[in-house]
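Next come the chains, spelled out residue by residue.
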Amino acid sequence: MPDWFRRRPREDQDGANDKSAPAPASVVEAVPEGTFTKCAKCGAILFTKDFERDLKVCAKCGHHHRLTADERIAWTVDEGSFVEFGNDIAALDPLGFPEYSRKLELGRSDPNGRNDGLVTGTAQIGGNLCVFGVVDFFYARLAGTMGSVFGEKFMRAADKAITENLPFVLFCASGGARMQEGLLGLMQMAKTGASVAQLAEARIPYICVLTDPTIGGALASYASLGDVIYAEPGANVALAGTRVAQQAQTQKPPANYQTSEFQWEHGFIDKVVPRKEIAITLSRTLTFFAGGIASQTETKASPVLVTPPDSPTAAKRNGAEGGH
Amino acid sequence: MPDWFRRRPREDQDGANDKSAPAPASVVEAVPEGTFTKCAKCGAILFTKDFERDLKVCAKCGHHHRLTADERIAWTVDEGSFVEFGNDIAALDPLGFPEYSRKLELGRSDPNGRNDGLVTGTAQIGGNLCVFGVVDFFYARLAGTMGSVFGEKFMRAADKAITENLPFVLFCASGGARMQEGLLGLMQMAKTGASVAQLAEARIPYICVLTDPTIGGALASYASLGDVIYAEPGANVALAGTRVAQQAQTQKPPANYQTSEFQWEHGFIDKVVPRKEIAITLSRTLTFFAGGIASQTETKASPVLVTPPDSPTAAKRNGAEGGH
Amino acid sequence: MEDMNILEFEQAIAELNLEIGKLRTAAQRERRSDGEVQANALEKRRDELTTQFFARLEPWDEVLLARHKDRPYSLDYIPFLTEDFIELHGDRLFGDDGALVGGMAAMSGDPVILIGQQKGRDLKERQKRNFGYVRPEGYRKALRLMQLGEKFRRPIVTLVDTPGADPNVGSEERGISEAIAHNLREMAALRTPTIAVIIGEGGSGGALGIAVADRVLMLEHSIYSVIAPEGCASILWRDPSRGPDAAKAMRITAKDAKRLGLADEIVTEPLGGAHHDPEGTAAAIREALQRHLNELSALSPSALLAQRFAKLRGFGQFLSAPFA
Amino acid sequence: MEDMNILEFEQAIAELNLEIGKLRTAAQRERRSDGEVQANALEKRRDELTTQFFARLEPWDEVLLARHKDRPYSLDYIPFLTEDFIELHGDRLFGDDGALVGGMAAMSGDPVILIGQQKGRDLKERQKRNFGYVRPEGYRKALRLMQLGEKFRRPIVTLVDTPGADPNVGSEERGISEAIAHNLREMAALRTPTIAVIIGEGGSGGALGIAVADRVLMLEHSIYSVIAPEGCASILWRDPSRGPDAAKAMRITAKDAKRLGLADEIVTEPLGGAHHDPEGTAAAIREALQRHLNELSALSPSALLAQRFAKLRGFGQFLSAPFA
Ligand SMILES: [Zn+2]
Ligand SMILES: [Zn+2]
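Protein chains in written order, with the working numbering: chain A, 21 to 344; chain B, 21 to 344; chain C, 34 to 357; chain D, 34 to 357.
In case anyone wonders, no lab produced these hints; they're calculated from the structure. Treat the hints with care, as some may be off.
Unchecked claim - DSBU-like, lysine-lysine: derived pairs with alpha carbons at most 30 Å apart:
no. : chain 1 : residue 1 : chain 2 : residue 2
1   : A       : K272      : D       : K161
2   : D       : K161      : B       : K272
3   : B       : K291      : B       : K61
4   : A       : K61       : A       : K291
5   : A       : K296      : A       : K58
6   : A       : K180      : C       : K184
7   : C       : K288      : B       : K272
8   : B       : K291      : D       : K157
9   : A       : K272      : C       : K161
10  : C       : K161      : B       : K272
11  : A       : K180      : A       : K296
12  : B       : K80       : D       : K157
13  : C       : K281      : A       : K291
14  : D       : K161      : B       : K296
15  : C       : K157      : A       : K291
16  : A       : K272      : D       : K157
17  : B       : K272      : D       : K55
18  : C       : K184      : A       : K291
19  : C       : K161      : A       : K296
20  : B       : K58       : B       : K69
21  : C       : K184      : D       : K184
22  : B       : K180      : D       : K184
23  : B       : K291      : B       : K69
24  : D       : K102      : D       : K55
25  : D       : K55       : B       : K291
26  : B       : K291      : D       : K288
27  : B       : K80       : B       : K58
28  : A       : K272      : C       : K157
29  : B       : K272      : A       : K272
30  : B       : K296      : B       : K58
Isolated chain A (complex conformation) (with noise of 0.2 Å):
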């Protein structure tokens, strides 16, 4: 059935720093019709309404696929309420770097106008007012690296969040500290982090969600520094890019290396949390946050029960049209 399927954005982005596996790990291939879809895990065929209605998670094997930055607001802030700010500035290509201008127009031609894989605003999850960050993996195939604009949008929404005191929920998603920008990409580490000693100082609750990858310099500043950090199941969690790490080790790695669950077992993550499970989980912690433990019965409906839109990248920037 080599026609039956179509290609989905390769998952395999050749950024700074991602050295994940060299198959892609969550290639995801529909019929044209998008009756189907295959699991990039165990294979298995899944109706695409039923693998939607599951948040891509696989309904067989419990593999959770990769999302868009437009997935993920659509299935975890409550409907309708992302406003999103940060997209008033422009990537440039400060070192004339091969190939780099090619994935900045590629960018540029991104059908919501966005200027990097970190899309920002401001949402409502269970009812609980933030600043949600997201990182999109796909991104003009930039594999969620940290360039100068990654930094400068990570800053604003630090920044809103301390001058409208809301907390801040980030979702990573990247392959590290981009390449392509040199020096400057690896500062992107120093400014994340020093914004993270802003919000700090402010008593600003910063929450982490860790997703499929986090890994290079992203996983070594600003997604290691939240309060709490979450994870979702079986995402690719780590310093080395699985290739270095095969090539460096001196000693036989365990069956889960750097994976979510490794790194919670070794005291770095607080708790692996299946993705139906996120938006009621970050509903509570951010109401123990904001002074108060709601009640499970006044956050929104878990997030299962939310029908995805039907095409997740053409969700309007505001989320007005997600859901049902």
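Since the structure of chain A is already known, use the hints to place chains B, C and D with the ligands on it.
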């Protein structure tokens, strides 16, 4: 030669948490006239004069024998600079604990009129004025344990450091919390911990030197909290006494288990400092904290050059007769 | 019945209950009223015996009750003490200790950080919880959560129930003493209300490592001890079987701690001990917690700290000069 | 000579030096002046060649110089940078990392905390120093020492020289990413002057983990890179041997960093590189350090922090709306 040697104070006390090796580690025997001393570790027969010139470090095997408070003072601080305080309180037997009153009786007959194994005062080290504390493991056969008087004296010494803006140097040697005072003994851990919190708040340097043995509640409170922590070579430094440890092990301990060197390897001790280098090391350390590092020539001569008092316990409280 | 210990007593009561049950069943089956009368009389007798027995508990009985295999553990109480508990894992340094649980919760809608030492009931759970012996990771996780509470000014409640800190090689290697000491210093200075509740075994420094608090409450049949009675007996009499004598000598009961001023309140347990009514016991704990939290929350951070330091600095009993 | 790399060049220079030596020896033995004249001419030629060669160094040559086996390491400089260095060990959590050294010292009498990444020269030393790859313990030791410096308001100087953070299983297990991230946040907010000097390899996040500072100085032939050139080439061209191209594309030289505003000053090296005169290089570093420390010490802590945050927040190059 059974009559040739006289027994020195037993080092294997029966205080709370002193669960060190059943065979006394450092029993030192000497000719009645004190001509010879036998190394407690390697059994070498040493001229007592040489042995004391070497600060009771065995010239053959390097074993650091335990010192009385007066020996420690004489061999560490500037000659005649020690001014003791803290003997204006007295121990009670709050629980009516078996045999405790007999030990306190022993303490009341202390030739120096001391009220506890913890001896506190002010002193100069290489010209640096500091609050100086030293625990006498031999005092009243109480193994340097922490009872109410210990905690109070520690706190008053720390308070003096705070009010007079002096650094606090403490030589530890302790079997832990004092069983004979029950929960009051345990609470001296909380009390000394709180006292160190107040030192930290006031940004007063607190420097610990761990000597044999520093175990149990002592290591789990004030002795682990120095801004800088030094230790003598080969000292027993551990939470669990060796007997307890032997029972509990499911994993074979390394050869240097529960020693200074073991703790250093594992990152808990800044530096293992031979006894003859401790004065100069402390002097430089205090100079660092005082605001300028003195060159070596500004500090007192290396303590190996200082003749110890003929009979350590006969040294006057203020050290006026200490040294040559 | 004088010398009967709690386990034998419970056996006797269980036999009485069996008898009562038989009488009742027979009475119902045979529709005879005299069996019912007999059963009622036996029930009355049973309650009288229990009351009498519990009125004269020896310290060793309290030890057995505190360690009772059916005694509720932290996770048994937590659902009744708080709502919406989200367990947070890991010390963000090395691992996650199963012997210490903690997380965010709410008490009647008010957010609190809840931390508890945790034993296991079946063999698998016991291994997971390391038999309640807390490792360095546990103390460091506790501190991380306490600092999270402090950062956002959430009160901290700890539930204490441990035979002691883990004495094994791995824990010595990773600084079990440092971890406890560090907590003692930091807990003294936390700028948020703290309450510790001893719910079972308050085992030495292992307990104290999470029990330095504004208020210390003890369940009626919990114990709090400078060293395990068996360990004390080993040292004093070279005979661990004399634990009952040591328990008496060390004054380890809740009443003793209250009398010594080291526990602020005793929370009454149901007749027969907490395991006869975990939910009722939890309600009593919760009532006390809320009362104390209300008092503490009324204080400014500086007043709170002043009060806490005054308390910690006052630990100990000694004579001040002039001596009688 | 155009395509000659630094190692071949040094080989050629070494051969010239050999020739010069031979000529000189022969001239002296035979008391002939023409040999001396020839030698002088060759020496002049050698210096001209060196000057020419160093005037046109390619980025890859800088990589080779930065990694040169004879290049001075931190411990080679420290005796010339400071007096009375006392090395302090351990992270007080897990261990002591040989790839990162640090301690108390004085610079012309003024106390500073000195921290340096450390490679090894012979095989044994290399293993001890883990080839300069820093483990979590190293970053945590660095942070502990920085916090010691902050507590007592001592300036902090770091010497950066690492191929990167250690990517092995043990380091992932113990949170290498967390350790770096944590440092980034804490270094941003240290209330004491901080200066980082890149002395050799500034390898990615592994370097940045001790290089967030008020001032960043770079030795003339040091490099600072978002990813190792070989790693970049692997990702870009699937060909690690194209490191020289990647080195060029990523702009990793001191001059590049200065031009990008990410290094504040370039410290000149002697002709031929630092290894030709370690003491002279140290003197140049020391002069620069003292100049910057004088400037920074004149600032109040709040002015210092404001300046540092302004700097960190300004990292990055992007376009602001309205776009051209
Ligand atoms: Zn599947
Ligand atoms: Zn010897």
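Honestly, which of those hints from before does the structure not fit?
7, 13, 17, 25, 26
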